[in-house]
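First to last, the protein sequences are chains H and P.
Those letters in the first sequence? Residues 129 to 443, per my numbering, in order.
Those letters in the second sequence? Residues 129 to 443, per my numbering, in order.
These are computed hints drawn from the structure, not numbers from a lab.
All figures in this text were calculated on a predicted structure; none of them were measured in a lab.
Among the clues, some could well be false.
[Unchecked claim] Chain P regions said to be covered by chain H (calculated; three or more residues, Cβ under 8 Å):
id, region
1, 245-258
2, 374-387
3, 436-443
[To be verified] Counterexamples of contact, computed for chain H against chain P with all Cβ distances above 12 Å:
id, residue
4, T192
5, E216
6, V372
[What the hints assert, rightly or not] Estimated spans, in silico, between C-beta atoms of each pair:
id, chain 1, residue 1, chain 2, residue 2, range
7, H, D419, P, S345, 41 to 49 Å
8, P, D418, H, G140, 36 to 44 Å
9, P, V421, H, A370, 42 to 50 Å
10, H, G140, P, K441, 18 to 26 Å
11, P, S381, H, G140, 53 to 61 Å
12, H, E405, P, Q180, 52 to 60 Å
13, P, T428, H, P178, 55 to 63 Å
14, H, D419, P, G347, 51 to 59 Å
Note that CB positions come from ideal geometry on N, CA and C, so glycine has one too.
Protein chains: 2
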Amino acid sequence: MKIDTKLTRLLGIKYPIIQGGMVWTSGADLASAVSNAGGLGVLGAGSMYPEQLREAIINCKAKTTFPFGVNIPLMYPDIEEHITTVIEHKVPVVITSAGNPNLFTKRLRSHGIKVLHVVSSLKFALKAEQAEVNGIIAEGFEAGGHNGREENTTLVLLQLLYRHPFKIPIVAAGGIATGSAMLACFHMGASGVQMGSRFLMTKESTAHQNFKDLVKSLGEGDTILSLKELAPVRLIKNEFYASVLELYQKGASTEELRSLLGRGRAKKGIYEGDLVEGELEIGQISALLDDIVSVETLMTTFLKEYELATQKKNF
Amino acid sequence: MKIDTKLTRLLGIKYPIIQGGMVWTSGADLASAVSNAGGLGVLGAGSMYPEQLREAIINCKAKTTFPFGVNIPLMYPDIEEHITTVIEHKVPVVITSAGNPNLFTKRLRSHGIKVLHVVSSLKFALKAEQAEVNGIIAEGFEAGGHNGREENTTLVLLQLLYRHPFKIPIVAAGGIATGSAMLACFHMGASGVQMGSRFLMTKESTAHQNFKDLVKSLGEGDTILSLKELAPVRLIKNEFYASVLELYQKGASTEELRSLLGRGRAKKGIYEGDLVEGELEIGQISALLDDIVSVETLMTTFLKEYELATQKKNF
Numbered sequence: 129m130k131i132d133t134k135l136t137r138l139l140g141i142k143y144p145i146i147q148g149g150m151v152w153t154s155g156a157d158l159a160s161a162v163s164n165a166g167g168l169g170v171l172g173a174g175s176m177y178p179e180q181l182r183e184a185i186i187n188c189k190a191k192t193t194f195p196f197g198v199n200i201p202l203m204y205p206d207i208e209e210h211i212t213t214v215i216e217h218k219v220p221v222v223i224t225s226a227g228n229p230n231l232f233t234k235r236l237r238s239h240g241i242k243v244l245h246v247v248s249s250l251k252f253a254l255k256a257e258q259a260e261v262n263g264i265i266a267e268g269f270e271a272g273g274h275n276g277r278e279e280n281t282t283l284v285l286l287q288l289l290y291r292h293p294f295k296i297p298i299v300a301a302g303g304i305a306t307g308s309a310m311l312a313c314f315h316m317g318a319s320g321v322q323m324g325s326r327f328l329m330t331k332e333s334t335a336h337q338n339f340k341d342l343v344k345s346l347g348e349g350d351t352i353l354s355l356k357e358l359a360p361v362r363l364i365k366n367e368f369y370a371s372v373l374e375l376y377q378k379g380a381s382t383e384e385l386r387s388l389l390g391r392g393r394a395k396k397g398i399y400e401g402d403l404v405e406g407e408l409e410i411g412q413i414s415a416l417l418d419d420i421v422s423v424e425t426l427m428t429t430f431l432k433e434y435e436l437a438t439q440k441k442n443f
Numbered sequence: 129m130k131i132d133t134k135l136t137r138l139l140g141i142k143y144p145i146i147q148g149g150m151v152w153t154s155g156a157d158l159a160s161a162v163s164n165a166g167g168l169g170v171l172g173a174g175s176m177y178p179e180q181l182r183e184a185i186i187n188c189k190a191k192t193t194f195p196f197g198v199n200i201p202l203m204y205p206d207i208e209e210h211i212t213t214v215i216e217h218k219v220p221v222v223i224t225s226a227g228n229p230n231l232f233t234k235r236l237r238s239h240g241i242k243v244l245h246v247v248s249s250l251k252f253a254l255k256a257e258q259a260e261v262n263g264i265i266a267e268g269f270e271a272g273g274h275n276g277r278e279e280n281t282t283l284v285l286l287q288l289l290y291r292h293p294f295k296i297p298i299v300a301a302g303g304i305a306t307g308s309a310m311l312a313c314f315h316m317g318a319s320g321v322q323m324g325s326r327f328l329m330t331k332e333s334t335a336h337q338n339f340k341d342l343v344k345s346l347g348e349g350d351t352i353l354s355l356k357e358l359a360p361v362r363l364i365k366n367e368f369y370a371s372v373l374e375l376y377q378k379g380a381s382t383e384e385l386r387s388l389l390g391r392g393r394a395k396k397g398i399y400e401g402d403l404v405e406g407e408l409e410i411g412q413i414s415a416l417l418d419d420i421v422s423v424e425t426l427m428t429t430f431l432k433e434y435e436l437a438t439q440k441k442n443f
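Construct the entire structure; sequences and hints are all you get.
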């Protein structure tokens, strides 16, 4: 089996499935496993020091001969060093987010790197197209982690984009965890999906076991898009979130919020497993996730769901 | 052309398209036009006095011989009278929302009325199934007007429901305005869609021309889910919303919010066209809506989009 789309042809992969490059979860083990299973594995450089990124790229190359990517949030403090690193190591794909796609797209592309940019709105998608990215990842309100201020849901965002004649591939992201949802997104103009939360819940992700176990138990309404005054982020409503909420109810300033957030909150939660004090970033689709599987099992199940969905004719 | 699904068979309609029964917009003209065009037209009883509902039902029956429905929010003050009215007038379909489906389902069904119940979560969908409703309308965060506290988006909600073996039809609602989105929802287990905002923007809806013109101009991020302490509602960020926000920032109590909201805010905005002082309820998909068409044109366009989407094989 092979699923041929604009995205698979662009990236030279077998299945149009990108693993979201999430902070503290997406190292060489996860990325290489996804690439070996026919998707695009992605290293999450947002939580790596330059030296760690270099090491992760070298490890990933040792573990897979298939294309893989690196996700670089453009607000990253040592951004120049990350950009130099991916160019030096000839990383096949770079996914940029949270910033201006004009900054590095041309430079990366001039070295043969394919550039995808994450957007939360049609407005930003048009800007990314103008910046000559190779593809757009359209990510909705339901996604975990950092998110757009417009609060466009994935369903609304895809319909908005579909009316415009984009020539480059559109990848749907946010709230996707099943093969039937991938087919649904295809029918609204996407030629691939990016999944974060679903890949976080694998054996190969470096998220802490405490965190994965908590995600298993999550239900509807257990995540929320918060911290909108700083940079909107979807997280679990744990004790840390309760203290954020308390500050809001006191009418806190953005400075007070920033100081509560501090540094290392996401690491503490996701990587170190502190479920009380940590910032626990995960998507709304976590309500559906109740197992931790290998990447291979995940891909097989997902592709089976997709295949079944394509065969269904009676609604 | 005819689209045969579990929903069309349940309701005896040609196309699996329900027009949302919205306050101040959904009278006999709109409902009968939708039913005459092969969908299910729905009167919005939430903004009608009992006498007005009776009149609207009689008018609707005069204008169409096809099935139509009445939407009754279960928190309606004169609920008993509305229930008696739909039974007396043998309304084919009743859509209940914002309340406990156990209250009236059996009574309505014992008179041959088909009952659909609107839910915002899997949890409430399971309760509705237990209450023996004939079908479930699963409405996501992106929908206009009253909404769930869980903030499940339509995409997430559909995937959550799809994993459960519901025997009754599931109707997708919230953020849907194109035929391709209907096909997408079918692939996630829906057998029909309900659209509100898209039908509000028709010649037949009784929303004020000022309001319709404003909706034409809306873009991404122009609506928001607010008033979560009272009953969450999606509305346009106009001056009235700014005053709600101001109260929030002062740390207002729910009583203060309730007093600002007062009575008749939705009527003032939607029906009387006061874009400053009115509460302007509309869905997030309003960013896509930039024309006011007849119901017939809307249905033809929508069905063409659906047909095209079913033929697309290359993504």
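Earlier hints that do not hold, by number: 14
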